[in-house]
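S.K.: Chains as they are written, first to last, in this note's numbering: chain Z, 14 to 420; chain B, 14 to 420.
Bear in mind the hints are in silico, worked out from the structure with no lab data behind them. Predicted model, so just to flag it, every value in this text is computed and none were measured. Hints are supplied without guarantee of correctness; some may be wrong.
Which copy is meant is left open, so a pair is good if it fits within one copy or across any two.
What the hints assert, rightly or not - Under the rule of at most 30 Å between Cα atoms (straight-line distance), these lysine-lysine pairs were calculated in the BS3-like manner:
#: 1; residue 1: K318; residue 2: K347
#: 2; residue 1: K91; residue 2: K71
#: 3; residue 1: K374; residue 2: K270
#: 4; residue 1: K277; residue 2: K192
#: 5; residue 1: K277; residue 2: K388
#: 6; residue 1: K41; residue 2: K185
#: 7; residue 1: K347; residue 2: K185
#: 8; residue 1: K134; residue 2: K386
#: 9; residue 1: K318; residue 2: K388
#: 10; residue 1: K86; residue 2: K347
#: 11; residue 1: K279; residue 2: K318
#: 12; residue 1: K91; residue 2: K254
#: 13; residue 1: K92; residue 2: K318
#: 14; residue 1: K192; residue 2: K86
#: 15; residue 1: K113; residue 2: K91
#: 16; residue 1: K393; residue 2: K71
2 protein chains.
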Amino acid sequence: MKVALITIGDEILIGQIVDTNSAWMAHKLTLAGFEVREKISIGDDASQIRNTIDEAFKRVDVVLTTGGLGPTKDDITKKTLCDYYGTELVFSDEVLDNIKGIVSDPAKINELTRNQAFVPKDCTVIQNKVGTAPVTWFEREGKILVSMPGVPLEMQWVMEAEVIPRLQAHYKQEAYLFKVFLVSGYTESALAIHLTEFENNLPADFGLAYLPSPGIMKLRLFVQGEQRQPEFVRQVELLEKKLGNALLCEEDIPLEKILGNILKQKGLTLATAESCTGGHIAHKVTSISGSSAYFEGCVVSYSNKVKTSVLNVPGSAIENNGAVSEEVVRAMAKGVAQLMSTDCAISVSGIAGPDGGTPDKPVGTVWICTQFKGKQLAQKYQLGRIRDVNILRATNYAMLQLLEMLK
Amino acid sequence: MKVALITIGDEILIGQIVDTNSAWMAHKLTLAGFEVREKISIGDDASQIRNTIDEAFKRVDVVLTTGGLGPTKDDITKKTLCDYYGTELVFSDEVLDNIKGIVSDPAKINELTRNQAFVPKDCTVIQNKVGTAPVTWFEREGKILVSMPGVPLEMQWVMEAEVIPRLQAHYKQEAYLFKVFLVSGYTESALAIHLTEFENNLPADFGLAYLPSPGIMKLRLFVQGEQRQPEFVRQVELLEKKLGNALLCEEDIPLEKILGNILKQKGLTLATAESCTGGHIAHKVTSISGSSAYFEGCVVSYSNKVKTSVLNVPGSAIENNGAVSEEVVRAMAKGVAQLMSTDCAISVSGIAGPDGGTPDKPVGTVWICTQFKGKQLAQKYQLGRIRDVNILRATNYAMLQLLEMLK
């Protein structure tokens, strides 16, 4: 069944926010066997909303909209859908009761919040258990439109608890088989050349897609239809064999989860000492629920003073080699492992940019040291010129470097 | 001039990646006076690409596409644009020379990378100075299409250095006047009620949009046309007066930059001691270039052992009150300020979830302490149930709490 996602809101068209909703929705819908054909973002503009829905229904069976349901003047989705479906807004006591259950102090419900209880007359209202904007479900000529709030938390609850189960009950799907392979040590084109023969021999209804990210290539193998399971298993085995040691993981999980799983499996603990990454590695590691089982903590030593006083980096190491050097990252890793009594440590010192570069240490120069039970590996990386990207890349390379030691 | 952004790639439609490109592009185009009318994401599918471009040109003057230019089989944008414009691919020595200048070892250029030098015959080729995929610019019947790589770093360079300047030279724009106001202490509906009279008196061609984020409301006031400048200034003054003390900043910058600016201005230094935020506050603070002027460092004390041994939190404070308590965050803030000799400190301890909650300390319970020259403020927050969201919200509330003390 074909689906279009329509995100409504001026703030998206002027680039004030990044639309993370539609990736989340697309992922969940794909897993549920739906085919997301297009994602469209448009403004809070009644005629554009109507026209976009009309055009989308020429190509898909289901339209899911998010946004434009807030209590303020610029939010016009609910009214516009009334016009589109030729109905009117009516007050719903049931929705008001739901709102009263949501807000912390029902006595304080103001007029604008109360207005959220107006809903289109001819539609199915789905109660939003985590926010004040009701969800509405329209059907006409076999096509379905669901309007949801744009607040990510609310949309996610509504999709999982209500919309996807109802869509699955309404349609019968032919599921997609797919598998993700995380591969390290190859560039996109080198990997493609390595897999030329495999790709040439793939059955015509199979697909193989490449998705590069810093230090890692994601491969996605896919085919539609449960009956292709035996051939799918055969192709997965061929691909695994071809990838060999470069295959990091056969699940689409973030690097920090791969690292966490291995640490937990082996009963090891980790601490990080971060300069240019500024705590981003610790943030990634602790973004995984349950990371307290293996993560002790981190010292962000942004200043040299903290490097020497907290991490015991010899002042002479900094004076003689500079803060971005092999000697300093080795001392940082040793220091933090001692301070927090851990089996493993990661340390990073580099020049994230855009300032701070010198001719022999240009912006993007990063030293990473990883330590496992006393043994150390220190490597230098030459990254790019963009601060944010350098922080992300250094974070990934640091985790990959430790993974390599733990293999 | 009206613009449509078309993002091409199956990985977007299955939700494997979040499209951050189009928000970045929309922001830059808006500032340059262009009106982004729609953003569309579609798959690597030739007929869908052709149809989407065709439909978009009925509504807009400029189409900017990203993606589908990689060296592998699943990337078909270049070939499809040839079909759409009735032209063919020809080999360009000039592009090959550019590629040789990009890759670290030109001797190692493989066949797939060499294929990147094939470009459509009837188009303007723009050299991509930061990647191997060439940028192509097509014109037909007064309408422009530019095809760019989807790699964010490459797209950003191409847009800033080439595409926006060329579009600006090609069209004359009527610029948008707009201003962003960051407001703290209001919910969306409470702020809307506070501003009812202001909104009712706004001239009809003005707009005011609300964008909620954790702890902060963003307001955007806008009007088209340079000649509205005097009225725009008048309305900005009215709005400033109405917002009063709740007005945090009149620039669309992140909280960590507002905080950084004040610390720099006042010559103060900062350290953080983080438990449930896991280094995310330090990451945010150091994401600002130049933060080394005021940020000394951070201790992520994820385990109780690190709280006591590194931050000097009394073991009895943890035993008697639990790690998520006023006593512990006060000791953490004091400890990190002493350890790193800073004027200010932020400490956070909470239950990010999904596990670890108890009846009297449910998931989402977070204690935050901020310290400024010895004085402390400790507050308890009851956040939600989603781990990632709790980490983001605690980060924002912690920075807001320190800002409040520094006012």
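S.K.: Output the numbers, in ascending order, of every earlier hint that fails for this structure.
M.R.: 7, 8, 10, 12, 13, 16
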